Structures are given as C-alpha cells and as structure tokens.
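Quick mapping for you: the protein sequence lines, in order, are chains A and B. Heads up, the first sequence is in the working numbering, so the first residue is 1 and it goes up one at a time. Heads up, the second sequence is in the working numbering, so the first residue is 1 and it goes up one at a time.
Among these hints, one or two may not hold up.
Estimated spans, in silico, between C-beta atoms of each pair [as the list claims (entries may be wrong)]:
{"#": "1", "chain 1": "B", "residue 1": "Ala-110", "chain 2": "A", "residue 2": "Phe-10", "range": "20 to 30 Å"}
{"#": "2", "chain 1": "B", "residue 1": "Asp-39", "chain 2": "A", "residue 2": "Asn-28", "range": "22 to 32 Å"}
{"#": "3", "chain 1": "B", "residue 1": "Asp-39", "chain 2": "A", "residue 2": "Gly-40", "range": "16 to 26 Å"}
{"#": "4", "chain 1": "A", "residue 1": "Thr-70", "chain 2": "B", "residue 2": "Asn-112", "range": "39 to 49 Å"}
{"#": "5", "chain 1": "B", "residue 1": "Asn-18", "chain 2": "A", "residue 2": "Met-27", "range": "33 to 43 Å"}
Non-contacting residues of chain A with respect to chain B, defined by C-beta distances greater than 10 Å in every case (computed) [as the list claims (entries may be wrong)]:
{"#": "6", "residue": "Lys-14"}
{"#": "7", "residue": "Met-19"}
{"#": "8", "residue": "Thr-20"}
{"#": "9", "residue": "Ala-24"}
{"#": "10", "residue": "Gly-53"}
{"#": "11", "residue": "Leu-78"}
{"#": "12", "residue": "Thr-109"}
For the record, the hints were derived by calculation from the structure and aren't laboratory data. The structure presented is a predicted model; accordingly, all values stated were derived computationally and were not measured. The beta-carbon is built from N, C-alpha and C at its ideal position, and this holds for glycine as well.
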Amino acid sequence: NAGVTQTPKFQVLKTGQSMTLQCAQDMNHEYMSWYRQDPGMGLRLIHYSVGAGITDQGEVPNGYNVSRSTTEDFPLRLLSAAPSQTSVYFCASSPDRRGQFFGPGTRLTVL
Amino acid sequence: KQEVTQIPAALSVPEGENLVLNCSFTDSAIYNLQWFRQDPGKGLTSLLLIQSSQREQTSGRLNASLDKSSGRSTLYIAASQPGDSATYLCAVSRGGNNRKLIWGLGTSLAVNP
Numbered sequence: 001n002a003g004v005t006q007t008p009k010f011q012v013l014k015t016g017q018s019m020t021l022q023c024a025q026d027m028n029h030e031y032m033s034w035y036r037q038d039p040g041m042g043l044r045l046i047h048y049s050v051g052a053g054i055t056d057q058g059e060v061p062n063g064y065n066v067s068r069s070t071t072e073d074f075p076l077r078l079l080s081a082a083p084s085q086t087s088v089y090f091c092a093s094s095p096d097r098r099g100q101f102f103g104p105g106t107r108l109t110v111l
Numbered sequence: 001k002q003e004v005t006q007i008p009a010a011l012s013v014p015e016g017e018n019l020v021l022n023c024s025f026t027d028s029a030i031y032n033l034q035w036f037r038q039d040p041g042k043g044l045t046s047l048l049l050i051q052s053s054q055r056e057q058t059s060g061r062l063n064a065s066l067d068k069s070s071g072r073s074t075l076y077i078a079a080s081q082p083g084d085s086a087t088y089l090c091a092v093s094r095g096g097n098n099r100k101l102i103w104g105l106g107t108s109l110a111v112n113p
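With the hints as extra help, turn the sequences into a complete structure.
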C-alpha cells in the first residue's frame, strides 16, 4: 500500500491564482480530511468527508473547496490564493477506530 | 471548548535517558488520543493510539498512558536515541462523523549523542 499520497510537495503561487492540492489513499478508508499547519497555531481542520459524495466544513473552510467523487481521492481547491493561505497542508484518512493516517504534506507559499 | 497543551515545549537530553512527554486536555469526553511524530519538513507519523476505554498502549520503546478523569496523557520513551529527535504531537478526537483532531503544539525533542 502507498498509504496517503499528496501532490505537489511544494508550490508557490501568486495572489489570486487558483490551484488544486491532490490527495489519494489506497486503503479504502471512508473518512478523509484536510488540515493546515501554521507556526504557533497547531493543526486546524479545513474540510472533511465521511464517504464518496459527502463533504463538510471544518473550523477554517473559507477560501477552500473540496469534492469527493471517489473513495480514493479528496482534492482541495484554492479558489483565489491569498498570502494568509501560506501554510503546510496535510491530508489524512481514517478507518474509524484505528486513528488517522497522514500524507507527507504540501508546503504552499502565496506571494 | 477542547484545548490541548503539551509541556515542555522543548526538551534536550543526552542519549540513553528515559524521558516523559506530557499532554493535557480540558474536556474528558474524548473518543481517542493519538501521539504523532513529526520530523523537520516532513509529515506526521502515527506512533500510538489510545481509545477512551484504554489506559495505555505500548510499541517498542514507547509507552503512552491515558487518564481521562484528570485529562492527561504521557508518552514515555525508554533509552532515548539520537534518531528519536523530532517533534512529538498529541491530538484528541471526539469521534463520530467529524473525527476532528484537536492538537497540541508539540514537544520538540533533541537527543544528543
């Protein structure tokens, strides 16, 4: 199993640009989520999904969209990038009682 | 509102020492608690998961305990090695559909040869 994979590893955007952060898992987990990690603030939940076709907002959803058309994929879209979205983004999946498994992260800089 | 605190924020020890990292949480209504390791510029590796009904979990030189009533968890690392140098994060979940993890800010550990 590849586990949870994320692409790209690094990305630099200009303010106003849009992009999609990719996340995929091959463990057939129903639950997937996106977090952002910022210095001094810890990790915060952006969006999550409990299965294909079902998504919901976390604590910091503004400026981000998600979709879940398949069990495997959970892309995160930045509609119009802002410097405040400079962060490290982690995708995770979970098989319920066995905790959560994280991808390697995407380091995003918005200029 | 659930808050998670980790003390100390940073720790430096000589190789071979046994050490304890602390995690406290304000709301005892948790579903589980998970300890993670994060190396600089890297992702999050799950170390141990303790369900709310459990008191401790062990993996190799690592032992994590959970005391829900006092809102505390400890991560014990035996015979520390330079390769243990990393940031250790704890996170709690209320479970259910959300499964949102509430995170501490971590303890940065340096094990010196």
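Non-interface claim for Thr-20(A): all C-beta distances to chain B beyond 10 Å? holds, 19 Å
Pairwise beta carbon distance, Thr-70(A) to Asn-112(B), judged against the given window 39 to 49 Å: About 47 Å separates the Cβ atoms of Thr-70(A) and Asn-112(B), which means 39 to 49 Å holds.
Would you assess whether Met-19(A), listed as outside the interface, keeps its beta-carbon beyond 10 Å of every beta-carbon in chain B? holds, 20 Å
May I ask you to test the hint 22 to 32 Å on the CB atoms belonging to Asp-39(B) and Asn-28(A)? holds, 28 Å
Taking the CB of Asp-39(B) and the CB of Gly-40(A), does the distance hold inside 16 to 26 Å? Roughly 19 Å apart at Cβ, these two residues keep to the hinted range, so it holds.
Take a look at whether the Cβ-Cβ distance between Asn-18(B) and Met-27(A) falls inside 33 to 43 Å. holds, 34 Å
For Ala-24(A), which was marked as not at the interface, is the minimum beta-carbon distance to chain B over 10 Å? The claim holds: Ala-24(A) sits with its nearest Cβ about 14 Å from chain B, beyond 10 Å.
Beyond 10 Å from every chain B Cβ: check whether that's true for Thr-109(A). Since the minimum Cβ distance to chain B is about 14 Å, Thr-109(A) lies beyond 10 Å and the statement holds.
Against chain B, does Leu-78(A) keep a CB gap of more than 10 Å to every residue? holds, 20 Å
Any Cβ of chain B at or closer than 10 Å to Lys-14(A), or is the non-interface label fine? The assertion about Lys-14(A) holds, with a minimum of 23 Å to chain B.
For Gly-53(A), is the shortest beta carbon distance to chain B beyond 10 Å? Given that every Cβ of chain B is farther than 10 Å from that of Gly-53(A), nearest at about 14 Å, it holds.
Could you see if the CB distance from Ala-110(B) to Phe-10(A) stays within 20 to 30 Å? Given about 26 Å between the Cβ atoms, the range holds.
In summary, the structure agrees with every hint in the numbered list given earlier.
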